[in-house]
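> Spelled out from the first residue to the last, the chains are:
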Amino acid sequence: MKRTQFSLGFIVRRSMVHRRVRSLAALLALTVSAAVATTLLTLYVSLNRQLHQQFRAFGANIVLTAPDGSTLPSETLATVRAIAGSESRIVPFAYAVAQTADGAPIVVAGTDFNAARAMDSWWQVSRWPNAAAATPGSPVAAMVGTRAQGFLHGDDFPLTYNGHTLALHTEATLRTGAAEDSRIFIPLAAFTAWTGQSASTLEIQAPGSAAQVEDLLHRLRAALPGVQVHAVRQLVESEGRIVDRTRSLMLSSLVLIALTVGICVLATLTASVLERRRDFAIMKALGSTQHQVALLFLLEAALLALAGAAAGYLLGSLCAFGIGAWNFHATIPPLWQAAPAVLLLNLFVALLAAGLPMRILRTMEPATLLRGE
Amino acid sequence: MFFRLLLESLFRQRRRKLLAATAILLGTATVTAMLAIGTSVGDKLNHELSSYGANILVTPKADTLDVVVGGVSIRPATAGSYLRESDLTKLKGIFWRNNILNLSPELPLHATLTQAQPSQPATVPALGLWFHHTLHYGTESYAMGAPAMHRWWRLQGAWPADAALDQAAIGSKLAAQMHIAPGDSVALNGEPVRITGIVSSGDATDRTLLLPLALAQKITGQPDAVRRVEVQALTKPEDALARRNPDSLSPALHDRWYCSPYANSIAYQIQEALPNAQAEPIRRITQGEGTILQRISGLMWLVALAALLAASFAVAASMTTAILERKQEIGLMRAMGASQFSVASLFFAETALLSLLSGALGYLLGSLLAARVGWEIFHSTIAFNPVLLPAALGMALLVSIAGGAPSVLRTLGMQPAAVLREDG
Amino acid sequence: MATILQSAVGSEALIHLHGLTREYASRAGAVRALDQVTLTIERGEWVAVMGPSGSGKSTLVNILGCLDQPTHGSVRIAGTDVHQLSRQELDRFRAETIGFIFQQFHLIPYLTALENILLAQYFHSMTDEDEARRALASVGLGDRATHLPSQLSGGEQQRVCIARALINQPPILLADEPTGNLDAANQEIVQEHLRTLHRAGHTIVMVTHDPEMASLADRTVELHHGRIAAERRADLTAQK
Chain L
20 MKRTQFSLGF IVRRSMVHRR VRSLAALLAL TVSAAVATTL LTLYVSLNRQ LHQQFRAFGA
80 NIVLTAPDGS TLPSETLATV RAIAGSESRI VPFAYAVAQT ADGAPIVVAG TDFNAARAMD
140 SWWQVSRWPN AAAATPGSPV AAMVGTRAQG FLHGDDFPLT YNGHTLALHT EATLRTGAAE
200 DSRIFIPLAA FTAWTGQSAS TLEIQAPGSA AQVEDLLHRL RAALPGVQVH AVRQLVESEG
260 RIVDRTRSLM LSSLVLIALT VGICVLATLT ASVLERRRDF AIMKALGSTQ HQVALLFLLE
320 AALLALAGAA AGYLLGSLCA FGIGAWNFHA TIPPLWQAAP AVLLLNLFVA LLAAGLPMRI
380 LRTMEPATLL RGE
Chain D
6 MFFRLLLESL FRQRRRKLLA ATAILLGTAT VTAMLAIGTS VGDKLNHELS SYGANILVTP
66 KADTLDVVVG GVSIRPATAG SYLRESDLTK LKGIFWRNNI LNLSPELPLH ATLTQAQPSQ
126 PATVPALGLW FHHTLHYGTE SYAMGAPAMH RWWRLQGAWP ADAALDQAAI GSKLAAQMHI
186 APGDSVALNG EPVRITGIVS SGDATDRTLL LPLALAQKIT GQPDAVRRVE VQALTKPEDA
246 LARRNPDSLS PALHDRWYCS PYANSIAYQI QEALPNAQAE PIRRITQGEG TILQRISGLM
306 WLVALAALLA ASFAVAASMT TAILERKQEI GLMRAMGASQ FSVASLFFAE TALLSLLSGA
366 LGYLLGSLLA ARVGWEIFHS TIAFNPVLLP AALGMALLVS IAGGAPSVLR TLGMQPAAVL
426 REDG
Chain W
7 MATILQSAVG SEALIHLHGL TREYASRAGA VRALDQVTLT IERGEWVAVM GPSGSGKSTL
67 VNILGCLDQP THGSVRIAGT DVHQLSRQEL DRFRAETIGF IFQQFHLIPY LTALENILLA
127 QYFHSMTDED EARRALASVG LGDRATHLPS QLSGGEQQRV CIARALINQP PILLADEPTG
187 NLDAANQEIV QEHLRTLHRA GHTIVMVTHD PEMASLADRT VELHHGRIAA ERRADLTAQK
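Residue numbers (the numbering used here), protein chains in the order written: chain L, 20 to 392; chain D, 6 to 429; chain W, 7 to 246.
Hints are supplied without guarantee of correctness; some may be wrong.
What the hints assert, rightly or not - Facing chain L, from chain W, some residues (calculated, C-beta under 10 Å):
no.: 1; residue: Glu29
no.: 2; residue: Asp97
no.: 3; residue: Phe99
no.: 4; residue: Arg100
no.: 5; residue: Glu102
no.: 6; residue: Phe106
no.: 7; residue: Phe108
no.: 8; residue: Ile114
no.: 9; residue: Tyr116
no.: 10; residue: Thr118
no.: 11; residue: Tyr128
no.: 12; residue: Phe129
no.: 13; residue: Thr133
no.: 14; residue: Gln175
no.: 15; residue: Pro176
no.: 16; residue: Pro177
As the list claims (entries may be wrong) - Quick look at which bits of chain L chain D covers, simulated, 3 or more residues with Cβ under 8 Å:
no.: 17; stretch: 42-48
no.: 18; stretch: 52-65
Stated by the list, open to error - Simulated restraints, written as ranges between beta carbons of each label pair:
no.: 19; chain 1: D; residue 1: Lys66; chain 2: L; residue 2: His172; range: 36 to 46 Å
no.: 20; chain 1: D; residue 1: Arg249; chain 2: L; residue 2: His348; range: 18 to 28 Å
no.: 21; chain 1: L; residue 1: Val274; chain 2: W; residue 2: Glu137; range: 52 to 62 Å
Quick caveat, the hints were computed from the structure, so don't treat them as lab data.
Every residue, glycine too, gets a C-beta built ideally from N, C-alpha and C.
For reference, chain L alone in the conformation it holds in the complex (with noise of 0.2 Å):
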């Protein structure tokens, strides 16, 4: 006696080759449903942090000042980044009164211009000064704000502050529409040397919700004891406010798609099980018991769904890498655990389409089928 491969999963074989475009359709479907889900899912996961990202661009959200009139202790730098984490940017500031060849009063800043350059993306600067290439003895390399560049006469000025007089020479011009426009910003270790002062001012720029910011506050609090640390409630509050109403929509959004591309492959794929309803009164009129032929669509559906998912996962991890390539200029790298997700939603789907029709059928005589329409 010769026994074949004949089995279900031979006969779900040749049903799918033979009915192709409709394979292919609710493939497709099963695909498209898998991809917007695993593309929203991850999107949705990184969002807070994309989101938060872009909220850098509005620059420090602590500011960390110094007792009135002294200044910060030396220390003070390193245990800010100790405890602000890499994630964070940090830029000194020391300010000084300091008087023109007039003897007009004009505000002089020291900072980092690395550290600031990273930071306040804003500011309007024609060419950044290059602090490590000033050279002993030459004029010290200055940023003017536009406004006070109107109480200098020329490039190359000289400041007084405290009986000591500096040569400045005007590297660059700083625009920012705020206070800066009328300062003058020199490299931190030239304004030390020259007024004997360290920086006042830390302002610092913590990524993260509004939650975050406050945990951060408090640490800073703590571990530095006479310094004034103060959120800029302005940034921290409006930042949590859009960003939370981005996430519900968002998440409005997901919903949605989700909704309507489910709904959509689970008429396709219960239309096409109700198609073979002829298929099912045969088997049963061939003696099959209700499991088999119920197997049977499952496994199909099963199958289908399967494929979609590994498909539409992929796609879908692409589509939101390309997003936040294009969009946030940022990895979104894939989230694996998508995968299960969109698996079982996938499934869920599938097996609902599948189950549906079969219990239509289950109240149908099979008698009515075969006679046909």
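Position chains D and W against the provided structure of chain L, taking the given hints into account.
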């Protein structure tokens, strides 16, 4: 006869049509909703971003240099020049007046504060402000002032009345330092003033006395004077054109620049309206807002695009299945002598009619959904966008015909007998 | 299966229908397709059921094939009261007892001729390809094993259907207009097959409206409006 057939076909076999109709309806609804959200999210976000406060600062042109560190004026502002409070109405006359959401004039001064109980008088920084000022322009009036500009300010008590010359609010740190509570009476430069509220801001305002502008003008003896004006305007993110110097642009480009709500062009127009004023965009805010606006709108657009693609594929798949179900019908018509052309016309006309009907319903549903989402999230509804109707209908038509065409054409290409024999 | 058949062995008739009524709900009220039909069919008998369209012929066959349930009345097949069987037992019973031949052939379109026969074996017990090939050869389609139904003529499809109906050697063969869709030549072939089966001792219940087909049967039952209007033995013609 064709139309009769078409109508007969459309309303018969409703279960089979239901799949296609549902798919198209949901697809267009999603696409409409996502596009409506995508197109309006910039606008909604722009209003959200107004919580960052002023994005343009107006100061007198000929001015002494500010000597301000940490928000505190190191040297008391001396003579210097002023803007005129009465000129501010003109700002509501500029081209982009509707984009100007709020104005907050400021007049800083130093005043001597004495508590009711005999104590040492102290010289404190003070700021004259509008609280709930009504600005009249023509027949319209606008409510403007500092509290709306600085939404992160927290008030305990009440704001002073703008016209009152005997009321003031006080910064929280200053209040704590001088043990002042809301309702207390103090003397300001010898005149009695009642403290109506305590303001906490998290910045230098915490150490400042906040006065109605009229009182500040009276104390300084400078009627109608303001030192600077904070302006909050809805702006368009900076692009290549916005960065150009307006004076170097060709007349046509200059008009385009002038008529775009860039922070720069609004500042430019403010400068035109106010004599001796210099208006500067506050770049920290405008640049930050621009980044956020672009990223989030971009995100929503991409998600809308994804929705469009996904819905298209889902609808196309449904249409393919729906048409395949009716293969027999096509075979039968062909067997009865209908030409390929007439069968195809009938099917496509039916598909078109179905997709237009479902698409229109989908547009309505999608618009309602978008309005609902807008209300839930931004507390302002997203208006029906008629431009989206042709887009939604076009998408429904295109996708359903594209989804159905392969099945119809393939079946038409087969011998009618083969179609009939394939049964199912 | 053996138990069911063995219990059937005895003096009782193979099929016994009593007071069979089948109503369908429709918009115009209940339609009575069968009305108090009582019929007994002996083992090895060939019965033709005739009558105009809508007389209830197909309903009768479907109830006999356990594809449909009567509204009232009892169906005893091979000593088993079909009504007593659970759904699962019914599936089993059908696989063991009944072979179907349909007017529209009803082959699974995506399975080849051979695989359609294997399918019936699969649902019954286990597949045996040699046996299935022999069955195909016995209906003269040995060279058509790998053809899909769409590649076969109507007559060939019907022969596959016959081979499929017989593969599990069911005691009862139900044929619903077996030659209704066939030309004269193919009808002749199918008739010959049925005759051979009858000679081999199969019980055949056949619905037809073709008097020539009916003349082959041992007995003809005529239905009108769901009732048995006439019943006659065709002993003389059957002798030939």
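> State for each hint whether it applies.
Outcome of the hint check:
| no. | hint | verdict |
| --- | --- | --- |
| 1 | Glu29 | 13 Å, violated |
| 2 | Asp97 | 4 Å, holds |
| 3 | Phe99 | 8 Å, holds |
| 4 | Arg100 | 5 Å, holds |
| 5 | Glu102 | 7 Å, holds |
| 6 | Phe106 | 5 Å, holds |
| 7 | Phe108 | 7 Å, holds |
| 8 | Ile114 | 6 Å, holds |
| 9 | Tyr116 | 3 Å, holds |
| 10 | Thr118 | 9 Å, holds |
| 11 | Tyr128 | 5 Å, holds |
| 12 | Phe129 | 4 Å, holds |
| 13 | Thr133 | 4 Å, holds |
| 14 | Gln175 | 13 Å, violated |
| 15 | Pro176 | 9 Å, holds |
| 16 | Pro177 | 13 Å, violated |
| 17 | 42-48 | holds (count 4) |
| 18 | 52-65 | holds (count 6) |
| 19 | D:Lys66 to L:His172: 36 to 46 Å | 20 Å, violated |
| 20 | D:Arg249 to L:His348: 18 to 28 Å | 24 Å, holds |
| 21 | L:Val274 to W:Glu137: 52 to 62 Å | 56 Å, holds |
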